[in-house]
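S.K.: Protein sequences appear in the order of chains A and B. Numbered according to the UniProt record's numbering, the first sequence spans residues 1 to 237. Numbered according to the UniProt record's numbering, the second sequence spans residues 1 to 237.
Treat the hints as calculated values from the structure; they're not laboratory data. One or more hints might be untrue.
Unchecked claim - Reference excerpt, derived from the structure (chain A facing chain B, CB under 8 Å, subset only):
1. T73
2. P98
3. M136
4. E138
5. V148
6. G192
7. P232
Glycine residues also receive a C-beta, built at the ideal position from the N, C-alpha and C atoms.
Chain residues, written in single-letter form:
Protein chains: 2
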Amino acid sequence: MTNVKFAPDRGECLRLLGALPQFADLPDALMAGLCESATLLRAEAGRLLFREGDPAEHFLLVRRGCVEMLRFTCDGEERVFHLFREGQLIAEAAMFMPHGRYPMNARSQGSGEFFRLSRNALRKACENHPPLAMRMLENLSLRLYRQVNEVDWLTASSASQRLAAYLLGLHRRQGERLNLPISQRQLATHLGIRPESLSRLLSDWQQAGRIQGRLRQWLLCDLTYLQDLASPAVRSF
Amino acid sequence: MTNVKFAPDRGECLRLLGALPQFADLPDALMAGLCESATLLRAEAGRLLFREGDPAEHFLLVRRGCVEMLRFTCDGEERVFHLFREGQLIAEAAMFMPHGRYPMNARSQGSGEFFRLSRNALRKACENHPPLAMRMLENLSLRLYRQVNEVDWLTASSASQRLAAYLLGLHRRQGERLNLPISQRQLATHLGIRPESLSRLLSDWQQAGRIQGRLRQWLLCDLTYLQDLASPAVRSF
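The following block holds chain A by itself, in its conformation from the complex (with noise of 0.2 Å):
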């Protein structure tokens, strides 16, 4: 993992930032700030871009590449419980939790590159310009409302109710054909129920001819049967 002060980049660091709804349209001086201390992290695939429970003194922007966000179990399970893909901002709520360090473990998952922004630049960014704080506070209670909507639909579906609305997830992503962003292993730690039982619903439904495929590669053959089942999640507002 390298880590190198950057300078040619910095345009594309604020062209990427600028392009998220929370950043868009701010005062230039403020953008330029925000990425006035940043640096490029370059990582090969299957690297730790940073630890839970270290200090948490800098959110990234994924530049190229994909970042697993995971925690390990007692028994060293990996829970993933996000993907973040090109553009995406990481850590950028945990810049304002109180105990100052990352609630997860962040990964790449090929080799990637990353912009590293400070936490100082972001916090003294909210308490320059209010308005940017209201964005913060607005995206940070959407993610709040998400996060209670799951454990009410976690509480309330069953195994197959949870792998249809999976599958119709990554349906609206990536249309007709699926791959599955990561191992069936994972997948059932994801979705809180066990690996024999995520194999057994997926070769349930193949003989069913509601879906084909194999390993990571999949085809959704009866999407109406899938979103019956996934139907208790979708929420109206």
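Could you slot chain B onto chain A? The hints should help.
M.R.: The following block gives chain B in isolation, referenced to the frame of chain A:
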């Protein structure tokens, strides 16, 4: 449910609000501005103070009583997410949600009195006084962190682990003798387990001498056993 403009109680509203860490030691004029538009709301037992999906124009400060935050499942079951008591703030995060609606129902458990404070006043206070915005950001990010932990725990834990963690949480607040603040049926929904499973667990633990009691009154006789069960939910920070 009555909704009256207040004057003599303004001082109590200011005092209760100022006792919350987010609002401690703020400029007097700011606090006065926040409380200026407050009205006092009196509600009898079982009344909804606001409904999920309603425009979120106010947040509430509990003067007296207890409020259940809940959603109804499609088959009419009640899922209680949280209880708010005297001096606590309700729905302040909803004041920043971009969809502008309440994400849950708030229902007065017994009769109660509540100060109803304005969304606009809170947002204006954050815009005019960045230190308040920063505290709200810290508060929301901490709640987001806790919700993420909740999702983690829900996907990783068993029914007995969840019940043990819940009882220990009550024990910390109530001491020796526990009084369940919600019905066993609501508790089962809250923990994402079937009512029959909850009954069975309680009666198994009773037979094994871990707990003692019935309905809503319980005594924890074997704290170590419950702590060992719940320990995967305890995080180091």
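S.K.: Compare the structure with each hint and give your call.
M.R.: Hint check results:
1. T73: Result: holds, 6 Å to nearest chain B Cβ.
2. P98: Constraint on A/P98 satisfied, holds at 5 Å.
3. M136: Where the cut-off is 8 Å and the nearest Cβ of chain B is about 6 Å from A/M136, the hint holds.
4. E138: 5 Å, holds
5. V148: 6 Å, holds
6. G192: Since the shortest Cβ distance to chain B is 3 Å, the answer is holds.
7. P232: For A/P232, the interface hint holds, since the closest Cβ of chain B sits about 6 Å away, which is under 8 Å.
Hint compliance for this structure: every hint is met.
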